[in-house]
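Engineer: Okay, here's what each chain looks like letter by letter:
There are 2 protein chains.
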Amino acid sequence: MRVLGVDPGLTRCGVGVVDSLPGRRARLVDVGVVGSEPALSIDLRLLHIATELEVWLDRHVPDVVAVERVFAQHNVGTVMGTAQVAGLAMVAAARRGVPVALHTPSEVKAAVTGSGRAGKEQVQRMIARILGLAELPRPADAADALALAVTHLWRPTGALQGGERHELTAAQRAWAAAEQSARSGTHRGAPSRARR
Amino acid sequence: MRVLGVDPGLTRCGVGVVDSLPGRRARLVDVGVVGSEPALSIDLRLLHIATELEVWLDRHVPDVVAVERVFAQHNVGTVMGTAQVAGLAMVAAARRGVPVALHTPSEVKAAVTGSGRAGKEQVQRMIARILGLAELPRPADAADALALAVTHLWRPTGALQGGERHELTAAQRAWAAAEQSARSGTHRGAPSRARR
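So the sequences go chain by chain: X and B. The UniProt record's numbering puts the last residue of the first sequence at 196; the count rises by one with no breaks. The UniProt record's numbering puts the last residue of the second sequence at 196; the count rises by one with no breaks.
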């Protein structure tokens, strides 16, 4: 399975493509950042990003696009542009018949590090280790996009239906807890993203 | 000049097309609502609205698309979808080389009624009178889209460059005040929209 992760942002939008391998392993296919020039008008910035995201989709033909779920409570100054870029990624995927999955920042941290409250650097180090990279992916937006893709590959699909909970790894349990917390609205207490 | 007004929303997105006529008059060309089914996933909802907005653009070939400026402070529950639909409208316009203008709710009220704090019904009545309609445009989203288009036609382009301020009408002065208020950040005190 191939996943394109998108960490949405108007100035820097992280994009990362990961293939699943047998035995809970994953392989980096491509990673980068799609940006737009703050001096341009908002419509031209969004058009540029939409066009670039379409190039990524057409080049790598993912099975799923995993997009960070954006919350209105976070970063009032940039949240509108972030939400709009997330929307463009979803429409570009839907136009091509590619399913879209949304994952919260807490889910990503939990899936990659085992803790929904892990720091940014911890996520980056784990992503480099998981994908066997010699260096940390830079900038942070690119690493976050890879983390989103890995989160989707490793999502505990059975966890929320109950049942085999005892068989989950620590990371999967933390992921499931983060997802349930998000669904019940208590995600508002999760650490917010302050970098963009 | 032909303006397509877009009152963005995920469940109901108002669209209205207005032509300017000589002597500060305007003519209704078309008005309607583009909707999406709440039961669908967000990516398919956004794709549906994007496709419908493109049909409106291609059918009416406007000179400008006027979109309501969405603020992160308002209606946390629906603001993300509203922002995403606004983004789709902007990208659809930009793809066709059509300029985009953003107007705040206060600017619209001021342009149409002469008061930045006018009520919703007052805006609807004035829009019906301006366009010579026998009935109020329904639903409110459709009326708001027409009001956005008229606001753009009647924008006091010279007002903010200073100079001929004394020649402005009461509505133009209120519009200019609302715009300056928005630019200086004091728009947060303006009445918020609670209907969606």
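It should be emphasised that the hints constitute simulated quantities derived from the structure, not laboratory data. Note that CB positions come from ideal geometry on N, CA and C, so glycine has one too. Among the hints, erroneous ones may be present.
Chain X side only, calculated, beta carbon under 8 Å to chain B, not exhaustive [as the list claims (entries may be wrong)]:
#1 L40
#2 D43
#3 L44
#4 L46
#5 L47
#6 V61
#7 Q73
#8 G87
#9 L88
#10 M90
#11 V91
#12 A93
#13 V100
Engineer: So, X:L40 near chain B? Judge it on the closest CB pair being under 8 Å.
Structural biologist: violated, 10 Å
Engineer: Could you check if X:A93 really has its C-beta closer than 8 Å to a C-beta on chain B?
Structural biologist: holds, 6 Å
Engineer: Can the hint on X:V91 be confirmed by a CB-to-CB distance to chain B that is less than 8 Å?
Structural biologist: OK, holds: X:V91 within 8 Å of chain B, min 5 Å.
Engineer: Does X:V61 hold up as a contact with chain B if the rule is Cβ-Cβ below 8 Å?
Structural biologist: violated, 17 Å
Engineer: Does the interface hint hold: is X:G87 within less than 8 Å of chain B, judged Cβ to Cβ?
Structural biologist: Status holds, d = 3 Å.
Engineer: Tell me if X:Q73 is really an interface residue toward chain B, meaning its C-beta lies closer than 8 Å to one of theirs.
Structural biologist: holds, 7 Å
Engineer: Should the interface hint for X:D43 be scored as holding, given a Cβ-Cβ cut-off of 8 Å against chain B?
Structural biologist: holds, 4 Å
Engineer: Does X:M90 meet its interface restraint, that is, does its C-beta lie within less than 8 Å of any C-beta in chain B?
Structural biologist: holds, 4 Å
Engineer: Quick one, is the X:V100 hint okay against chain B at 8 Å, beta carbons?
Structural biologist: With a closest approach of 4 Å, the X:V100 hint holds.
Engineer: Min Cβ distance, X:L88 to chain B: is it shorter than 8 Å?
Structural biologist: OK, holds: X:L88 within 8 Å of chain B, min 6 Å.
Engineer: Are X:L44 and chain B close enough, Cβ to Cβ, to be under 8 Å, as the hint says?
Structural biologist: holds, 6 Å
Engineer: Classify the hint on X:L46 as holds or violated, based on whether any CB of chain B lies nearer than 8 Å to its CB.
Structural biologist: For X:L46, the interface hint holds, since the closest Cβ of chain B sits about 5 Å away, which is under 8 Å.
Hints 1 and 6 from the list above are not met by this structure, while the remaining hints are.
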